[in-house]
Amino acid sequence: MKQPNEKPQGANSLMASINESGGSPKVNRRSMLVAATAAGAGVFGIGLIRNALIAKSPVFLAAGQKYDGRLVETIREGLIACGLQPELLRGKRVLLKPNMVEPRREIRHMTTHPAVVRAVAEVFQRWEAHVTVGEAPGHVRDTEMALVESGIGEALDDDRLDFADLNYEEVGWVTNSGRRSKLDGFHFPRSVLEADLIVSLPKLKTHHWVGMTASMKNLYGTLPGIKYGWPKNVLHYAGIPETVADINASLPKTIAVIDGIECMEGDGPIMGTPKQLGLIAISLQPAAVDATCARIMGLDPSRMKYLHLATTSSGQISDRRIEQRGERWQSLATPFQMLELPHLRELRAG
Amino acid sequence: MSWISAILDQVEHSEAWGFRAGTAPSAEPAALAAMALAAHGRADEGLLAARWLMQIQAQDGSVGLNERVSSPGWMTSLAILAWESVAVRLAGEVAKSAGDKLREASRRGTDWLLIASGERVEANAVIQHDTTLVGWSWVDGTHSWLEPTALAVLALKSRGLSGHERVREGVKLMINRLLPDGGCNYGNTVVLENTLRPHLQPSGVVLTALVGEENVSERIEKTLRYVERSVGVETTASSLAWGLHGLASHGRLPNGCESWLEASAKRTAKRGASLPRLTLLTLAALGTESPLIILPQQRSVT
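Read top to bottom, the protein sequences are chains A and B.
For the first sequence, my numbering begins at 1 and goes up steadily by one.
For the second sequence, my numbering begins at 351 and goes up steadily by one.
Keep in mind the hints are simulated off the structure, nothing from the lab.
Just to be clear, a hint being listed does not mean it is correct.
As the list claims (entries may be wrong) - Result set (EDC-like, lysine to aspartate or glutamate): computed pairs, CA atoms no more than 16 Å apart in a straight line:
{"no.": "1", "chain 1": "B", "residue 1": "Lys446", "chain 2": "B", "residue 2": "Asp394"}
{"no.": "2", "chain 1": "B", "residue 1": "Lys620", "chain 2": "A", "residue 2": "Glu77"}
{"no.": "3", "chain 1": "B", "residue 1": "Lys451", "chain 2": "B", "residue 2": "Asp394"}
{"no.": "4", "chain 1": "A", "residue 1": "Lys56", "chain 2": "A", "residue 2": "Asp319"}
{"no.": "5", "chain 1": "B", "residue 1": "Lys616", "chain 2": "B", "residue 2": "Glu584"}
{"no.": "6", "chain 1": "A", "residue 1": "Lys56", "chain 2": "A", "residue 2": "Glu323"}
{"no.": "7", "chain 1": "B", "residue 1": "Lys620", "chain 2": "A", "residue 2": "Asp157"}
{"no.": "8", "chain 1": "A", "residue 1": "Lys275", "chain 2": "A", "residue 2": "Asp157"}
{"no.": "9", "chain 1": "A", "residue 1": "Lys66", "chain 2": "A", "residue 2": "Glu323"}
{"no.": "10", "chain 1": "B", "residue 1": "Lys620", "chain 2": "A", "residue 2": "Glu154"}
{"no.": "11", "chain 1": "A", "residue 1": "Lys92", "chain 2": "A", "residue 2": "Glu122"}
{"no.": "12", "chain 1": "B", "residue 1": "Lys620", "chain 2": "A", "residue 2": "Asp162"}
What the hints assert, rightly or not - Label-pair restraints from in silico Cβ distances:
{"no.": "13", "chain 1": "A", "residue 1": "Arg104", "chain 2": "B", "residue 2": "Val471", "range": "26 to 34 Å"}
{"no.": "14", "chain 1": "A", "residue 1": "Asp184", "chain 2": "B", "residue 2": "Glu469", "range": "43 to 51 Å"}
{"no.": "15", "chain 1": "B", "residue 1": "Glu515", "chain 2": "A", "residue 2": "Gln125", "range": "56 to 64 Å"}
{"no.": "16", "chain 1": "B", "residue 1": "Val471", "chain 2": "A", "residue 2": "Asp184", "range": "23 to 31 Å"}
{"no.": "17", "chain 1": "B", "residue 1": "Met351", "chain 2": "A", "residue 2": "Glu154", "range": "47 to 55 Å"}
{"no.": "18", "chain 1": "A", "residue 1": "Pro274", "chain 2": "B", "residue 2": "Val471", "range": "26 to 34 Å"}
{"no.": "19", "chain 1": "A", "residue 1": "Pro274", "chain 2": "B", "residue 2": "Glu417", "range": "43 to 51 Å"}
{"no.": "20", "chain 1": "B", "residue 1": "Ala356", "chain 2": "A", "residue 2": "Arg348", "range": "14 to 22 Å"}
It should be emphasised that the depicted structure is a prediction, and the values quoted were computed from it without experimental measurement.
The beta carbon of each residue, even a glycine, is placed where N, CA and C say it ideally should be.
Starting from the given sequences, assemble the full structure and let the hints guide the process.
In structure tokens, the structure reads:
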């Protein structure tokens, strides 16, 4: 781990090449994760312009999902459909990042359901990855309370999964690779810096400032409260859309599995009401899956600033640049209720 | 009580001043250890943690997160409380030699604290609390929030500065941020016309900092009732500890809470040692004798 305040290498250098055993070629994380897709499309060695023309971001959607259903199978199939190569995850450190912003046991539509966390953990454990669940709850200092109220603590105990309290870990410095905000860089916790892969596990919700919160905004919870506060007001001052884009650009490789089974609409991300959708959404490119979820919610992703800012670094958001796998989003579209505010009305599709 | 002694035995050593066992020392756990040891009759052992806090104190008087990370400085308030509580409990020759140094560190920390402040935000229709009141922020250059304001008020009260204008404004801010039906969260009340929900830990911290204040708002009584309703044998450690501090500050400790503390300590230890949470429980077990409760007659004179 880099020492705190040790300057700066950038998250990409933390994702240094992974030397595979057995004499196979040296690959970095990005190439590892997209290899199947890219190789299938025959893009290696082809010029950048051609690449840009043909490369699409795969997004997998599964409808009709239930928390007591076949989540493990769905998630495994979805990840593979998006191009993940399970054999390359053997022995790798995978950090699962659910949303536990300010959990309450009677408001389960606010935070990631424990069943989704358990299912994703099982998928990666079967692929022989070392799985840790980690979160820096944004509104509460008592992380133990957040674990209990969310139900995730009990799930972790039952499955003997490790938990990393990202609010209180030692921190290391990473240069801001996004450069959309004024922040020079970020202090990330040890578990984030040491992860080979981060899996964002958000709850799909409306957000009263930026329209929606899904896999990208969820990664605010990778930043430690001891450095950024409760709430992480530093990020608000630097601009929510800008810092969402920057954090995503600066983190180690991140993919997304979205809990869209029971969602939140109205005054999200805290005070909204439940919305049943039955969706699991997966992508190796967070912007692409967030854009697809926005379309399902009746929002236009091109009007959402954080998605627009993150397009190059975190995936495509244009519908024609996204390759749909599983269900088509058009068949799942169901407008989410939003607060009647001018800045939110502007985000509506159509 | 054996569960308290077992925790104190652990936090006598610097290896236990991290947020988790085996991690590097940090200011908040070290400050809590110093307070707990001193208040439970182990002032000489508490002095070790207090001295470590002095070692990481910056030139400007602030105390950062640990030896390597010098900002933000919100843990300075806890360091002041630790220095004051150890200094007042030392005995013999060390009381003079070490006590003077602790008080000097505390004075320098206080100077920094009186300069540090949260940012005002222009009044607006979106956020209904008084955004122009100035308290303390978690991070320099951001808005005032409840826990850093409450901790700063406590630290300044421990220095005999209860009447200071910064403390008075901090108290006003805390009362302004209490929710209409009692309790508080990190520090928002009504946003976009929706009243937010209370959380136990910040409610306890704020009640603790409001000790000795006139009951000028019905929201204080409502907050006390909220905390009374919320604490119990199943409450998690730091929320329980702060909730009980808040109630003790106002003479409202519930019957049987000693057994809640012990049960919480056992659960916390079983889940993996989080020593700051355990240390907080030992402080809560002291009732009004906790160094975090600054009763008016106990405030030192600077």
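Tested hints:
no., hint, result
1, Lys446/B x Asp394/B, "holds, 13 Å"
2, Lys620/B x Glu77/A, "violated, 37 Å"
3, Lys451/B x Asp394/B, "holds, 14 Å"
4, Lys56/A x Asp319/A, "holds, 10 Å"
5, Lys616/B x Glu584/B, "holds, 11 Å"
6, Lys56/A x Glu323/A, "holds, 6 Å"
7, Lys620/B x Asp157/A, "holds, 11 Å"
8, Lys275/A x Asp157/A, "violated, 29 Å"
9, Lys66/A x Glu323/A, "violated, 25 Å"
10, Lys620/B x Glu154/A, "holds, 13 Å"
11, Lys92/A x Glu122/A, "holds, 14 Å"
12, Lys620/B x Asp162/A, "holds, 14 Å"
13, Arg104/A x Val471/B: 26 to 34 Å, "holds, 27 Å"
14, Asp184/A x Glu469/B: 43 to 51 Å, "violated, 20 Å"
15, Glu515/B x Gln125/A: 56 to 64 Å, "holds, 57 Å"
16, Val471/B x Asp184/A: 23 to 31 Å, "holds, 24 Å"
17, Met351/B x Glu154/A: 47 to 55 Å, "violated, 29 Å"
18, Pro274/A x Val471/B: 26 to 34 Å, "holds, 32 Å"
19, Pro274/A x Glu417/B: 43 to 51 Å, "holds, 47 Å"
20, Ala356/B x Arg348/A: 14 to 22 Å, "violated, 59 Å"
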